[in-house]
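Same order as they appear, the protein sequences are chains H, D and Z.
Just so we're aligned: the first sequence equals residues 1 to 170 in my numbering.
Just so we're aligned: the second sequence equals residues 1 to 335 in my numbering.
Just so we're aligned: the third sequence equals residues 1 to 656 in my numbering.
These are computed hints drawn from the structure, not numbers from a lab.
Any given hint could turn out to be false.
To be verified - When the alpha-carbon atoms are kept at most 27 Å apart in a straight line, the in silico DSS-like pairs for lysine-lysine are as follows:
| id | chain 1 | residue 1 | chain 2 | residue 2 |
| --- | --- | --- | --- | --- |
| 1 | H | LYS169 | Z | LYS561 |
| 2 | D | LYS295 | H | LYS159 |
| 3 | H | LYS159 | D | LYS152 |
| 4 | H | LYS169 | D | LYS297 |
| 5 | Z | LYS474 | H | LYS107 |
| 6 | Z | LYS241 | H | LYS169 |
| 7 | Z | LYS557 | H | LYS169 |
| 8 | Z | LYS211 | D | LYS294 |
| 9 | D | LYS249 | D | LYS75 |
| 10 | D | LYS103 | D | LYS309 |
| 11 | D | LYS152 | D | LYS249 |
| 12 | H | LYS169 | D | LYS294 |
| 13 | Z | LYS203 | D | LYS295 |
| 14 | D | LYS41 | H | LYS169 |
| 15 | Z | LYS241 | H | LYS86 |
| 16 | H | LYS169 | D | LYS295 |
| 17 | D | LYS297 | Z | LYS203 |
| 18 | Z | LYS211 | H | LYS169 |
| 19 | Z | LYS211 | Z | LYS474 |
| 20 | H | LYS159 | D | LYS75 |
| 21 | Z | LYS207 | D | LYS41 |
| 22 | H | LYS159 | D | LYS260 |
| 23 | H | LYS159 | D | LYS309 |
| 24 | Z | LYS241 | D | LYS295 |
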Amino acid sequence: MKHRPVQIHPYAVPAIAEYDKHSEKPSELRLFLDVSIALTGFTEAELKSTGLVRAYFDEIALVVGHAIRTHFLQQAAKDPGAVMRKDSMWQPLAQNLLRLWYLGQWKRMPKCWARTHFDEKTQHSYDEFGRDIDRVVSPQSYQEGLVWRAIGVNPPGAKQPGFGSWGEKI
Amino acid sequence: MTLKKLHTMLQMALEVELFTIPPYLTALYSIEEGRNSVSVKILQSVAMEEMLHAALVSNLMNAVGAHPQVESGGKGQPSRRYYPAQVPHIARRLNIGLLPFSKRAVEDFMLIELPENRTKWKTGPGTYSIGQLYDQIRNLLVAVTEQLGVAKIFTGARSLQLSEVDYYGAGGRLKVVTDLDSALEAIAEISQQGEGRLHSNAAGDEAEFGLPKEVAHFYRFEQILEGRFYDRDDDIRKPTGPRLLVDWKAVLPVAVPGPKATPTSPPGIGATLDAFTATYEELLACLHQAFNGKKAKLVSAVPIMQRLKVQATEIMRIGIGNGQTCPPPFWFIES
Amino acid sequence: MAEERCSGIGAYDVVVVGGGVTGTVLAKVVAELAWRDRKSLSILILEAGTGMVGGDATHNAYLNTYYGALAKTPNAPYPIADNAPSPEDLAFLKPPQDRYFVQRGPLPFGSNNLRLLGGTTHHWMGIALRMLPSDFELSGRHGVGVDWPFTYDDLKPYYEKAEWELGVSADSLDQLEINGVKPKDFGAYQFPMHGLPRSYLDKVLGKGLDKFTFKIDGQNYPARLVPIPQARNAMPNPSAKDPRDYIARTSENERLYQPFGAPDDPFTGAGQRCEGNASCIPICPSRAKYSALKTIEQLKMLSLRSGIRVDIVTKAVASDLELDDAGNIAAINYLAYDEPDLAYATPRRATGRWFVLASSAIENAKLLLASHGAPDGEGLANSSGRVGKNLMDHPFVLSWALMPENQPVGGFRGPGVTCDLPMRHGAFRSNRAAFRTDVGNWGWGLADGAPYQDVERIINPAAFAGMALGSPAKDLVPAEPIFGAALRQLIRSRVRRQITLGFLMEQLPSSANRVTIDDKHRDALGLHKPIIHYDIDDYTRKGMETAFDFATAVYQKLGAKEYTDPAVALGTEVKFGKRTFKYIGAGHIIGTHRMGTQKTNSVVDGDQRSWDHRNLYIIGCGSMPTTGTSNPTLTATALSIKSAEHLFRNLGLAGR
Chain H
1 MKHRPVQIHP YAVPAIAEYD KHSEKPSELR LFLDVSIALT GFTEAELKST GLVRAYFDEI
61 ALVVGHAIRT HFLQQAAKDP GAVMRKDSMW QPLAQNLLRL WYLGQWKRMP KCWARTHFDE
121 KTQHSYDEFG RDIDRVVSPQ SYQEGLVWRA IGVNPPGAKQ PGFGSWGEKI
Chain D
1 MTLKKLHTML QMALEVELFT IPPYLTALYS IEEGRNSVSV KILQSVAMEE MLHAALVSNL
61 MNAVGAHPQV ESGGKGQPSR RYYPAQVPHI ARRLNIGLLP FSKRAVEDFM LIELPENRTK
121 WKTGPGTYSI GQLYDQIRNL LVAVTEQLGV AKIFTGARSL QLSEVDYYGA GGRLKVVTDL
181 DSALEAIAEI SQQGEGRLHS NAAGDEAEFG LPKEVAHFYR FEQILEGRFY DRDDDIRKPT
241 GPRLLVDWKA VLPVAVPGPK ATPTSPPGIG ATLDAFTATY EELLACLHQA FNGKKAKLVS
301 AVPIMQRLKV QATEIMRIGI GNGQTCPPPF WFIES
Chain Z
1 MAEERCSGIG AYDVVVVGGG VTGTVLAKVV AELAWRDRKS LSILILEAGT GMVGGDATHN
61 AYLNTYYGAL AKTPNAPYPI ADNAPSPEDL AFLKPPQDRY FVQRGPLPFG SNNLRLLGGT
121 THHWMGIALR MLPSDFELSG RHGVGVDWPF TYDDLKPYYE KAEWELGVSA DSLDQLEING
181 VKPKDFGAYQ FPMHGLPRSY LDKVLGKGLD KFTFKIDGQN YPARLVPIPQ ARNAMPNPSA
241 KDPRDYIART SENERLYQPF GAPDDPFTGA GQRCEGNASC IPICPSRAKY SALKTIEQLK
301 MLSLRSGIRV DIVTKAVASD LELDDAGNIA AINYLAYDEP DLAYATPRRA TGRWFVLASS
361 AIENAKLLLA SHGAPDGEGL ANSSGRVGKN LMDHPFVLSW ALMPENQPVG GFRGPGVTCD
421 LPMRHGAFRS NRAAFRTDVG NWGWGLADGA PYQDVERIIN PAAFAGMALG SPAKDLVPAE
481 PIFGAALRQL IRSRVRRQIT LGFLMEQLPS SANRVTIDDK HRDALGLHKP IIHYDIDDYT
541 RKGMETAFDF ATAVYQKLGA KEYTDPAVAL GTEVKFGKRT FKYIGAGHII GTHRMGTQKT
601 NSVVDGDQRS WDHRNLYIIG CGSMPTTGTS NPTLTATALS IKSAEHLFRN LGLAGR
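Put together the whole structure using the sequences plus the hints.
Structure, rendered in structure tokens:
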């Protein structure tokens, strides 16, 4: 079966104000940002400059469901290091968060991950839309992959750096 | 009516050309990736042509022994000024800011590129429009040449002249200036593209009349505003050609007016803005060198421009409050 | 120019099968000659795939497909029609379930082409290198392979024209450095555009390899980074003179060479210069890289002139050739489909006076074999029995290493390759295959899936726990996942030090390596699937061993740490003695209808004209008797121009 990457329009974001509002309880989007900052090693400005904060925040829920996402973000915000450890049940999801940011990709979660760790009710909304497969999230997510910024280049095939740029000292 | 006055006026023209580029680029880069492709093409072509104009003015200046100034802040150099601001050296009130692509922005661009209007020139003091500025330069050039002779005016070294071999994409319009005729041709090249008349008898088999290269800037912008292309037989008043579709919403919500002070949040924005500033400085330094003898530098401006584009786009995605995002911290020079 | 669905519209002067570089360049040269000599001409080009002439929308669609593709393989951006399937990108993963080839082995043939208007030049790298003089005389000089029916000197004027036709950027002076090429080989000739700037990586490696030599069979060979000629737009050379005498001279084309960019706006739009997109394979976003869509655009402009008619029909799959009573080709039967994935087609017939098969080596052979000819049923143009035989590739093998910490080279920038590190010529060729070397500018992208694999290793080390103890990459796998600033820093420091040397191995002709057909294996439209028999002999395997030893010596000289590992390398395993290598195809399909001096041992003569049917040309890389070590497209283009000039002399066109 040919699968085509699901197109996510990166700017279909509600007002940026959503994550600029200061409130007593940090909103879940704020948690997502804090976790992303901690795990990626990029600043908030850098993450926002991809224009994909909201898109990735939504993507996680589209795959694992809102309940699991909430649970994950609360745990990860408390201790980002803990969710990356190999004995943590959250590790596969934390790794996918990193893949979203660094590569613009999602990798299928381990088989039975949801079934093993969550109750019947929570599992119900897991992978409702068949997005839990190896894929590039969108043409934009490929281009904004942080891995390219980490190594100091533009994503191949996009944001052309200009004639002669490859001869310049790095 | 002296050579010095000519040099001064040419530097003014250069500053005006360079002034227009950041507003065009801000509008251009604020359009969401892949959207509004016709408007993108139009804005790109206009920005490219403004840079061509700057290079032509540089050629004019070098031909008559003037030294183009592009960098700012140092002794004897123009000052660095920030947007929104009055267009430098133009008497008519025209305040231009760094706006995202919008009807307001396009209207402003049309005001910048206002076509000739001779009646206003006669009555108003000073230089009313860019077109008038070039008109005055043309007259002054002819006058001093008649007065002092070609040899006394066109003293600049030929090696300073930028031409086709030094750049690409200009469609062979980067002309060298060596004497009065070529100087007048260069000025005509600039005014024709900018404020010139509608080319109602455009040669060639252009199927896409009304797209870049056929119509002066003012009319290209008017097409965006009106949502229609000019047809070959249209007169200047109204375009009646095919529809030009614009999605005014497919634009980043850049803050208007820009922030009073440099934004300090979100964390990390300082470094992002500094990187942009460094790139823009590098670009201006590169142009300065290219305009003052180091011609090979012109091509190396391209990678810097591409980097600037990426950085500007990234900045315009960063929210700074109230659902708005950060404008790129361009500046312009004014002596 | 009409993209017509014509059924027997009246005989064309020339019917061309295949809308790729060789067929379209031939058509263009014939059309230029007709215009120059005031003749009228009608040409029909049949293209099996879909595709549009020019068009930004199509190009953007390909780009978006590319961005969204998980595996960015050569054909990934392009639509593959079920009715004209292109062979698999990752052939080594597929046998025997390949969607098109039936791979009989013993080894899978690793290269593919693209059946789309414009052909394989959509996804090619763009390297436009000439063969060496010795490549034409392999048998005479080294006692292996065969000789060509003419020498390098005979082909040289066509190489020059081909370089101007494709738009090649190089400096003649640099090319003199290559082993085996003398100053007289270039004379006053200059390429239309100056060589592309070398990459920073080339500069670092060049310094590190100063005075480097390598011993083969007791002889020391110097090895030096040499800039590689590319069909990619760069700065025009103002003092270069256009050698294409088939173009009518006007003052218009006497001035400075104008690079031909994106077809919809060739001289003032995008593509005037390479913009360093670093995605040449599979797609050039700027359109600075040559693709046959440019030649097609030029054909379109030519066909606006009076007396010149060029029709291009896409979605038209040639099924067989028809003979007349005199034994000449009378017509090409083809199947015209509308929907690429709906197996429904209308049989049509294209008649003409002269016919040109330009559908790439395997397709050409298949078409001839599938046509009913001599009573023995061996297809057409096959009295020599050689049609389909001598299939060759450049088996491509990869090595990779990390530069020292203080010497990052910054990959993933610029064209895939800007310099060669060749070992193309020498006495050793009597014993073992020569090779050309891609000094890769894209890190370990091809060799090791960089940078994706690098991220995976660092954030998910547990997945790499099963690695063999001796695996060199083991020291790249951390004990615990790394994240945050440490992740960012490690990725940066690692990926920027990645270097790759890829070797294009010469392969000798062998009649055992061949394309055949079998009525049991048919595609969606009922046409034959190519059946491939392929192997790599010891001559080439020995050359591979030398290549890997060469790589190790280079890395040692550079102080780089080698990570070459056949266990994880891309491709199919091939052994030599105690050594194991992995190879993939270089994308070069060569040899299936070779040229020669006799009709008994070759399919076509030195002008690519069939010995058996005097109004049939069979052109492309399939005509090449040996592979040499250069990417074959430039040679095939030169041969096309040679054939076009020959064809024009035979055409007997009426005046306008």
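Do the hints match the structure? See the list:
1. H/LYS169 <-> Z/LYS561: Answer holds: H/LYS169 to Z/LYS561 is near 22 Å, not above 27 Å.
2. D/LYS295 <-> H/LYS159: holds, 26 Å
3. H/LYS159 <-> D/LYS152: Violated: H/LYS159 and D/LYS152 sit about 48 Å apart, past 27 Å.
4. H/LYS169 <-> D/LYS297: Within the cut-off at roughly 16 Å; holds.
5. Z/LYS474 <-> H/LYS107: The hint holds at about 23 Å.
6. Z/LYS241 <-> H/LYS169: Violated, because 34 Å separates the two Cα atoms, which is more than 27 Å.
7. Z/LYS557 <-> H/LYS169: Distance of about 22 Å is within 27 Å: holds.
8. Z/LYS211 <-> D/LYS294: violated, 35 Å
9. D/LYS249 <-> D/LYS75: violated, 45 Å
10. D/LYS103 <-> D/LYS309: Holds, at about 22 Å.
11. D/LYS152 <-> D/LYS249: violated, 56 Å
12. H/LYS169 <-> D/LYS294: With Cα atoms ~20 Å apart, H/LYS169 and D/LYS294 stay inside 27 Å; holds.
13. Z/LYS203 <-> D/LYS295: holds, 24 Å
14. D/LYS41 <-> H/LYS169: violated, 32 Å
15. Z/LYS241 <-> H/LYS86: violated, 66 Å
16. H/LYS169 <-> D/LYS295: The hint holds at about 21 Å.
17. D/LYS297 <-> Z/LYS203: holds, 21 Å
18. Z/LYS211 <-> H/LYS169: Given pair Z/LYS211, H/LYS169 holds - Cα atoms ~23 Å apart, limit 27 Å.
19. Z/LYS211 <-> Z/LYS474: violated, 33 Å
20. H/LYS159 <-> D/LYS75: Between H/LYS159 and D/LYS75 the Cα gap is close to 37 Å, so the pair fails against 27 Å, i.e. violated.
21. Z/LYS207 <-> D/LYS41: At roughly 43 Å apart (the allowed maximum being 27 Å), D/LYS41 and Z/LYS207 break the hint.
22. H/LYS159 <-> D/LYS260: Given pair H/LYS159, D/LYS260 is violated - Cα atoms ~31 Å apart, limit 27 Å.
23. H/LYS159 <-> D/LYS309: Holds - the C-alpha atoms of D/LYS309 and H/LYS159 are around 9 Å apart, at most 27 Å.
24. Z/LYS241 <-> D/LYS295: holds, 25 Å
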